[in-house]
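Can you make the complete structure from the sequences, with help from the hints?
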Amino acid sequence: MTPGILVCSETDEGALELLTKGHELAKQLNFELSAVVLGDRNDKTVQSYFEYGAQKALLIPNSSFGALDAETYANLLHEIAKDNGPDILLIRSSRLGKETAGRVAQKLHPAA
Amino acid sequence: MHVITCMKQVVDLQQIRIKRDTREPVLEGLPVLFGDFDKNALEEAVKIKETHAAKVTVLSVGSGKLKDTVLEALAMGADEACIVVDLACEGSDTGASALTLAKAIEKIGAFDLILVGEGSADNYSGQIGSRIAEILNIPQVTYVRELSIEGNTITAVRDVEGALEVVKGQMPLVISVTSEINKPRRAPLAQILRASRKPLKSWTLSDLGIDPSKVGSGTSAIQVVSNLAPQQERKGVIFEGDVDETAGKLVDALRKEGALQ
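As they're listed, the protein sequences go chains A and B.
For the first sequence, the working numbering assigns the number -7 to the initial residue and increments by one for each residue that follows.
For the second sequence, the working numbering assigns the number 9 to the initial residue and increments by one for each residue that follows.
Quick caveat, the hints were computed from the structure, so don't treat them as lab data.
Take the hints with a grain of salt, since some may be wrong.
Said to hold, decoys possible - Heads up, simulated DSS-like pairs for lysine-lysine below, C-alpha to C-alpha not over 30 angstroms straight-line:
1. B:Lys63 to B:Lys27
2. B:Lys27 to B:Lys57
3. B:Lys176 to A:Lys99
4. B:Lys111 to B:Lys55
5. A:Lys36 to A:Lys99
6. B:Lys209 to B:Lys73
7. B:Lys73 to B:Lys206
8. A:Lys13 to A:Lys99
9. B:Lys115 to B:Lys55
10. A:Lys74 to A:Lys99
11. B:Lys206 to B:Lys55
12. B:Lys111 to B:Lys57
13. A:Lys74 to B:Lys222
14. B:Lys75 to B:Lys55
15. B:Lys209 to B:Lys57
16. B:Lys57 to B:Lys176
17. B:Lys111 to A:Lys99
18. A:Lys74 to B:Lys111
19. B:Lys222 to A:Lys90
20. B:Lys209 to B:Lys55
21. B:Lys206 to A:Lys90
22. B:Lys75 to B:Lys176
23. B:Lys222 to B:Lys209
24. A:Lys36 to A:Lys13
25. B:Lys209 to B:Lys75
26. B:Lys243 to A:Lys90
27. A:Lys90 to A:Lys48
28. B:Lys243 to B:Lys222
29. B:Lys63 to B:Lys73
30. B:Lys176 to A:Lys90
31. B:Lys115 to A:Lys99
32. A:Lys90 to B:Lys111
33. A:Lys99 to B:Lys206
34. B:Lys206 to B:Lys57
35. A:Lys99 to B:Lys191
Here it is, written out as structure tokens:
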């Protein structure tokens, strides 16, 4: 995956909000802006991610993760980000997002 | 059952003064204590001890003042305290702090529950519980407002946006608590005096097998650029006229602001 910014939100509303900011940062840094689309979505909804600035969307269907708890979400993001991953993960600041962010940060950059 | 409560020593936020010209907080010379969410975590641990015959250990990484700060935690009902005091820890980011706590937990030994507050009183990153769970490879249940235990199973009510979620889990695990979970007790003076007789273990990084170069401000991935109080502009509205007129205008303005009922 090309280094850049990855927007991660369990809701579409949150994703579009983060994409708005992500788009601004991506322009400033000359980074690629991508977004995770968590769960099954119709084409119109996925299209909105591109309209809000995403250059790539990673579609992750419901069937691949079951219930979305923080451990599952963190494992997913880690898989995406670990090899040549994005420089910035913009994660929605919901309680799920906050818990997941701590786990992902620990996975990607442990202190020792 | 063994419950470890991780607590963070912070300055007394109620006593922070703000410099008027620069909006910088004055943090030097302030008394230190454990934050409110951490006290909720400890209170829950002590309640578990009272109903399940558990042992409660308080764990904290901080300055030399910790040996006094923990007395209140011991007085609240913890059975023993383990503190990590090492200058090299100063300025550690959450990753380094979590590593230090996790190594200390390994040194403490077998446990069933690790309780933490939903965030620290000063930084409120809310990452410590998640990072410790990741390092120790155990589950975590966050934002818990109600907790019960039966055998090896916990049942927790989680406060998530717009809903209450009930989850069950098997120990060992990490639990982060909200302020709704309980009202921390005030330790009576007699308990505070007796607290100094409870076991207190003090460790350095070397005791935990941590290379000092892996923690502290030198390794921090985050740099605090500034820390300022919010700007508070006065509205600067002046009412002119005689006393009755200006008093009436003032009352109307206050009503509009919702300051009068």
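Here is how each hint holds up against the structure:
no.	hint	in the structure
1	B:Lys63 to B:Lys27	44 angstroms, violated
2	B:Lys27 to B:Lys57	44 angstroms, violated
3	B:Lys176 to A:Lys99	25 angstroms, holds
4	B:Lys111 to B:Lys55	26 angstroms, holds
5	A:Lys36 to A:Lys99	34 angstroms, violated
6	B:Lys209 to B:Lys73	14 angstroms, holds
7	B:Lys73 to B:Lys206	17 angstroms, holds
8	A:Lys13 to A:Lys99	25 angstroms, holds
9	B:Lys115 to B:Lys55	25 angstroms, holds
10	A:Lys74 to A:Lys99	9 angstroms, holds
11	B:Lys206 to B:Lys55	18 angstroms, holds
12	B:Lys111 to B:Lys57	24 angstroms, holds
13	A:Lys74 to B:Lys222	21 angstroms, holds
14	B:Lys75 to B:Lys55	23 angstroms, holds
15	B:Lys209 to B:Lys57	20 angstroms, holds
16	B:Lys57 to B:Lys176	20 angstroms, holds
17	B:Lys111 to A:Lys99	17 angstroms, holds
18	A:Lys74 to B:Lys111	25 angstroms, holds
19	B:Lys222 to A:Lys90	24 angstroms, holds
20	B:Lys209 to B:Lys55	23 angstroms, holds
21	B:Lys206 to A:Lys90	36 angstroms, violated
22	B:Lys75 to B:Lys176	36 angstroms, violated
23	B:Lys222 to B:Lys209	23 angstroms, holds
24	A:Lys36 to A:Lys13	21 angstroms, holds
25	B:Lys209 to B:Lys75	9 angstroms, holds
26	B:Lys243 to A:Lys90	36 angstroms, violated
27	A:Lys90 to A:Lys48	24 angstroms, holds
28	B:Lys243 to B:Lys222	49 angstroms, violated
29	B:Lys63 to B:Lys73	24 angstroms, holds
30	B:Lys176 to A:Lys90	21 angstroms, holds
31	B:Lys115 to A:Lys99	22 angstroms, holds
32	A:Lys90 to B:Lys111	23 angstroms, holds
33	A:Lys99 to B:Lys206	37 angstroms, violated
34	B:Lys206 to B:Lys57	16 angstroms, holds
35	A:Lys99 to B:Lys191	35 angstroms, violated
Against the hints set out earlier in the document, violations occur for numbers 1, 2, 5, 21, 22, 26, 28, 33 and 35.
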